[in-house]
Amino acid sequence: MLSIFYGDMPEAVYNPVIYFKNTYTDEWIMDELSRKMIQDVDRSTVLGPRVIDSPVLGGISLRELSRGVKTLISIYKVPEKIFNASACGDNCAKWILKIGEFIHR
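Residue numbers (the numbering used here): 120 to 224.
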């Protein structure tokens, strides 16, 4: 289930980029939904668990993915945590809804 909270929450992850950096696994990136989010939001293609093809930067690591994609993947892969989604741009909104639908199944 997707829930949206407003206001300060001490248990929330307020820096999802740092959380992602310290928590992600190769499986997170190779997951089909994660690959679709990376393709849509960053216009980049996952070539392998640690290599992304960016049309602007060429071959990049996961560090160069956008804050929005890192936040989306964290929300998707760790649904029991609360993430600050203000790191996400407008292009992430539809993915937050899709993640909610997927988790609700």
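Please note that a few of the clues may not be correct.
No more than 27 Å apart at the CA atoms, straight line, and that leaves these computed lysine-lysine pairs for BS3-like [unchecked claim]:
(1) Lys155 with Lys196
(2) Lys217 with Lys200
(3) Lys155 with Lys140
(4) Lys196 with Lys213
(5) Lys196 with Lys140
(6) Lys213 with Lys200
(7) Lys217 with Lys140
(8) Lys155 with Lys217
(9) Lys213 with Lys140
(10) Lys213 with Lys155
(11) Lys217 with Lys196
The calculated label-pair distances, taken between Cβ atoms and stated as ranges, are [stated by the list, open to error]:
(12) Ser205 with Asn141: 16 to 22 Å
(13) Phe124 with Leu166: 32 to 38 Å
(14) Ser122 with Asn210: 20 to 26 Å
(15) Arg182 with Gly126: 28 to 34 Å
(16) Tyr125 with Ser173: 29 to 35 Å
(17) Ile123 with Ser173: 16 to 22 Å
(18) Val170 with Phe124: 24 to 30 Å
(19) Glu151 with Asn210: 18 to 24 Å
(20) Leu121 with Val175: 28 to 34 Å
(21) Asp127 with Leu166: 36 to 42 Å
(22) Phe221 with Arg162: 17 to 23 Å
(23) Asp159 with Asp127: 29 to 35 Å
(24) Lys155 with Lys200: 31 to 37 Å
(25) Pro168 with Asp127: 33 to 39 Å
Calculated from the structure, these hints are not laboratory results.
For each residue, glycine too, the CB sits at the ideal point set by N, CA and C.
*Check each numbered hint against the structure and report the violated ones by number, ascending.*
The structure breaks hints 17, 18, 24; every other hint is satisfied.
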